[in-house]
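Student: Below, each chain spelled out in residue letters.
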Amino acid sequence: MGATGEFDVVVVGAGVLGCAVAARLSATTARVCVIEAERDVAEHASKGNAGIAVSYYGPPGIQQTELINASWPHWEDLTGRLQVPYRRIGAVMVATDDVQAERLEHTRDEIHACGVRAEMLDGADARRLEPLITPHCVAAISMPDEGVIDPMRLTVAYARLAAHNGVAFRFGERVTRIDHDDDGRTSIATHVGTRLRARFVVNAAGVATGVISELAGGETLHCWPRKGQYVVLDRSFGERLSKIVFSTHLPDTKGSNVVPTTHGSVLLGPTATDHDDADDRTTDTATITEIRRLAALLVPATADAPAIRAFAANRPAGDEAHRLRVDTIVPNLVHVTDRSAGVSLSPAAAERVWELLRGAGLDAREWADAAATLPRVAMLRTAADPRPLIAADPRYGQVVCVCEQVSAAEIDAALSSPIPAVSVDGVRKRCGAMYGRCQGALCMAGISFMTALHTGTGPSDVLHTSRGSLGSGR
Amino acid sequence: MSTRVVVGAGPSGLGCAQALIAHGPVVVVDRIPVTGGSAGWDHPVIRQVTRRLTERGVEWRLGVTAMRWSAPELHVIGVDGSAQLRTDPLFFAGGCRARTAVECGINGERPAGVIPATVAEHLLTTRQRLWERPVVVGSGPWADRLKHALTDGGIPYQQVQVASTDQLTIRGTERVTSLALTSIGGSERSIGCDAVILADGAVPVRNAIGAIDDAAARVVFVQPVPSGDVNERIEAGRRIVTAWLAAHRPGGSS
Numbered sequence: 332m333g334a335t336g337e338f339d340v341v342v343v344g345a346g347v348l349g350c351a352v353a354a355r356l357s358a359t360t361a362r363v364c365v366i367e368a369e370r371d372v373a374e375h376a377s378k379g380n381a382g383i384a385v386s387y388y389g390p391p392g393i394q395q396t397e398l399i400n401a402s403w404p405h406w407e408d409l410t411g412r413l414q415v416p417y418r419r420i421g422a423v424m425v426a427t428d429d430v431q432a433e434r435l436e437h438t439r440d441e442i443h444a445c446g447v448r449a450e451m452l453d454g455a456d457a458r459r460l461e462p463l464i465t466p467h468c469v470a471a472i473s474m475p476d477e478g479v480i481d482p483m484r485l486t487v488a489y490a491r492l493a494a495h496n497g498v499a500f501r502f503g504e505r506v507t508r509i510d511h512d513d514d515g516r517t518s519i520a521t522h523v524g525t526r527l528r529a530r531f532v533v534n535a536a537g538v539a540t541g542v543i544s545e546l547a548g549g550e551t552l553h554c555w556p557r558k559g560q561y562v563v564l565d566r567s568f569g570e571r572l573s574k575i576v577f578s579t580h581l582p583d584t585k586g587s588n589v590v591p592t593t594h595g596s597v598l599l600g601p602t603a604t605d606h607d608d609a610d611d612r613t614t615d616t617a618t619i620t621e622i623r624r625l626a627a628l629l630v631p632a633t634a635d636a637p638a639i640r641a642f643a644a645n646r647p648a649g650d651e652a653h654r655l656r657v658d659t660i661v662p663n664l665v666h667v668t669d670r671s672a673g674v675s676l677s678p679a680a681a682e683r684v685w686e687l688l689r690g691a692g693l694d695a696r697e698w699a700d701a702a703a704t705l706p707r708v709a710m711l712r713t714a715a716d717p718r719p720l721i722a723a724d725p726r727y728g729q730v731v732c733v734c735e736q737v738s739a740a741e742i743d744a745a746l747s748s749p750i751p752a753v754s755v756d757g758v759r760k761r762c763g764a765m766y767g768r769c770q771g772a773l774c775m776a777g778i779s780f781m782t783a784l785h786t787g788t789g790p791s792d793v794l795h796t797s798r799g800s801l802g803s804g805r
Numbered sequence: 609m610s611t612r613v614v615v616g617a618g619p620s621g622l623g624c625a626q627a628l629i630a631h632g633p634v635v636v637v638d639r640i641p642v643t644g645g646s647a648g649w650d651h652p653v654i655r656q657v658t659r660r661l662t663e664r665g666v667e668w669r670l671g672v673t674a675m676r677w678s679a680p681e682l683h684v685i686g687v688d689g690s691a692q693l694r695t696d697p698l699f700f701a702g703g704c705r706a707r708t709a710v711e712c713g714i715n716g717e718r719p720a721g722v723i724p725a726t727v728a729e730h731l732l733t734t735r736q737r738l739w740e741r742p743v744v745v746g747s748g749p750w751a752d753r754l755k756h757a758l759t760d761g762g763i764p765y766q767q768v769q770v771a772s773t774d775q776l777t778i779r780g781t782e783r784v785t786s787l788a789l790t791s792i793g794g795s796e797r798s799i800g801c802d803a804v805i806l807a808d809g810a811v812p813v814r815n816a817i818g819a820i821d822d823a824a825a826r827v828v829f830v831q832p833v834p835s836g837d838v839n840e841r842i843e844a845g846r847r848i849v850t851a852w853l854a855a856h857r858p859g860g861s862s
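Respectively, the protein sequence lines represent chains A and B. All residue numbers in the first sequence are consecutive under the working numbering, ending with 805. All residue numbers in the second sequence are consecutive under the working numbering, ending with 862.
Calculated directly from the structure, the hints in this document are not laboratory data. The beta-carbon is built from N, C-alpha and C at its ideal position, and this holds for glycine as well. Just so you know, not all the hints are guaranteed correct.
[Said to hold, decoys possible] Which chain A residues face chain B? A few, computed with CB under 7 Å, are given here: (1) 613; (2) 615; (3) 616; (4) 670; (5) 725; (6) 751; (7) 795.
[Unchecked claim] These stretches of chain A come out as covered by chain B in the derived footprint (C-beta under 8 Å, 3 or more residues): (8) 731-742; (9) 780-794.
[What the hints assert, rightly or not] With the Cβ distance kept under 7 Å, some of the chain B side facing chain A (calculated, not the full set): (10) 670; (11) 686; (12) 724; (13) 730; (14) 738; (15) 783; (16) 820; (17) 833; (18) 837.
From just these sequences and the hints, can you work out the full model?
Tutor: Here it is, written out as structure tokens:
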């Protein structure tokens, strides 16, 4: 017999948008519950992206651009409060022939029309800004307001703030029924027997957006997975690259990019392949080879940089690339989805959802005493001086992940903070252990042991990923 | 005679210390609080060699991690704080590991149950029956060790080589269900499994910033491919350093 509960808002989906909405609503008097089918936040597109917080993505005059514009200036403040790695390093969009150069002029004009900074450069100036850019660069746009962010830690931080302020989270529960009751509330049932009732439902289910809308009797929303494959390059190369390097945006594609990450590595990609299996996150050699070929056209030095990992994630593509509105059939259902810019517009999207809910009749107001910051969990790797950290907590002196210099203190925090890691991979998402060049060869045994201790499991049934255990018994 | 610092107290590092201690003070640093590395602290040869080196005056800094090398200073940290150790050159005996999935060109999903050999080995020491039909991918020191450990544990396994003629692809969404081998000609065979153990080759471990590349300044990398015999591994480390000493004798050939 599952749990029951009455809420003002139920949010379906704990990706970056669902968690951002939960965080925003947690600063109000609304009672909120987040339901997530996986056992952790950020298990799909929100963990498998390039980690760019864009200042520009599309043309002016559309809601997506408004939300990006309302978000990008505030990242330093938000990430400072939420303890999320972020750097506004700027980007250079590179043209390697005259056709692309002409296209760049249009793009530059469009960026200006959005009210965002962009400056045309010639090849020489582009290479002064970022020396690793190809000598074949004939023109470029400098975009100083682009930044890189850790999307997994951002999502976890939103969720932690929400939880701290009283939002309930239910993990590992798939919504199976949505019924509208006579009193204006909506009943939501999950596959483990939980039955919740809410005044409003926020559909932040990513690739499953269409499924949730259908269950709710809402609009028929065509959604499908768009796979993006990525290659991660070693941090020894990451040290040398200071700017995000974009390929020229063409009418049919945003192209493939070279992106320094907040970890210090470099991401190449993504590709974009529409398909029909949301569980298919396979990588293949032909695509990885092509990613590396395209990257080398922008930054030739990537060709010699060792790859440490390849991965794939499915973006929520659909008949609408961006959707943030009240359903036209079901008046207490709000959809929030973005195919590519979810991270980038999450702060403003959350604000907009709150406005829409109020406009639709949500009886709630701001809650002045809500927390707006998270406690600091220092990172050994980036500490200017580790001694005070170690003096305050000797576990900062125990380096568990040597490739990424992650200490036992941080791993313990990942396992014991609100919205804790419940799997070995969950530890990776929160503190970066096992992310580096040895991919856990040196530290995963110790981390699986620590995870088992915290989750009351053993070597066989401790969760490796959120979906499967290390041993095969479970 | 100035102090020389060795990073790594496994067999190679112990061999380094043996070669160096005759020529001056030696400090051995290891992030693990015991000596022995992948040979294990309780191996009789490790215990004996460690004892002998202690008698000869080697200073052990165990549970201390080498973080950054900026010649001639090695920045280390431990639970007691941090320190800068001066040495020239640095002797880095950080050991080896098996190749990662990307290094082996393995594609596919990333479900639960795809595990580095070093991790599988540790987990098997718990003596729990973790898997019913694992596949050991690759050949080399870790493949041999895993095969041994699995046989000891009564766990039947299959072994698959990493070869340029076959593309290996991991299948399974929640946990691994099979490993597919696709030949260049396109024919595919599939091995059902409940774990894939990445055990190919031996790649030197490099984690101290500034001592990552082979070309790093003033570092002597002492990371021979590990053989199965502890004495051989210690000897291999000793030989490398002895040769370096001979080539860098004051007034010598270098």
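Student: Each of the hints needs a verdict: does it hold here or not?
Tutor: Going down the list of hints, with the structure as the test:
1. Checking residue 613 of chain A against chain B by beta carbon gives a least distance of about 5 Å; that is within 7 Å, so the hint holds.
2. Because the closest C-beta pair between residue 615 of chain A and chain B is about 5 Å apart, less than 7 Å, the hint holds.
3. The interface hint given for residue 616 of chain A holds, since its Cβ lies 6 Å from the closest Cβ of chain B, which is under the 7 Å cut-off.
4. Evaluation of the residue 670 of chain A hint against chain B yields a violated restraint, the C-beta minimum of about 22 Å exceeding 7 Å.
5. With a cut of 7 Å, the hint placing residue 725 of chain A at the interface with chain B holds, because the nearest CB-to-CB distance is about 4 Å.
6. Interface hint status for residue 751 of chain A: violated, as the beta-carbon distance to the closest one in chain B is roughly 19 Å, over 7 Å.
7. Annotation: interface hint on residue 795 of chain A holds; nearest CB of chain B at approximately 4 Å, less than 7 Å.
8. With a threshold of 8 Å between beta carbons, the proposed coverage of the stretch 731-742 of chain A by chain B holds, since 3 of its residues qualify and at least three are required.
9. Requiring three or more residues with a Cβ within less than 8 Å of a Cβ of chain B, the coverage given for the stretch 780-794 of chain A holds, as 4 such residues are present.
10. The interface hint given for residue 670 of chain B is violated, since its Cβ lies 12 Å from the closest Cβ of chain A, which is over the 7 Å cut-off.
11. Hint status for residue 686 of chain B relative to chain A: holds, with the closest Cβ pair at about 5 Å, below 7 Å.
12. Because the closest C-beta pair between residue 724 of chain B and chain A is about 4 Å apart, less than 7 Å, the hint holds.
13. Hint on residue 730 of chain B holds. Least Cβ distance to chain A is approximately 4 Å, under the 7 Å limit.
14. Restraint check, residue 738 of chain B versus chain A: the minimum CB separation of about 4 Å is within 7 Å; hint holds.
15. Interface restraint check for residue 783 of chain B: the shortest CB-CB distance to chain A comes to about 4 Å, inside 7 Å, so the restraint holds.
16. Proximity of residue 820 of chain B to chain A holds as hinted, the smallest CB-CB distance being about 5 Å (cut-off 7 Å).
17. Checking residue 833 of chain B against chain A: minimum C-beta separation of about 15 Å lies over 7 Å; hint violated.
18. With a cut of 7 Å, the hint placing residue 837 of chain B at the interface with chain A is violated, because the nearest CB-to-CB distance is about 22 Å.
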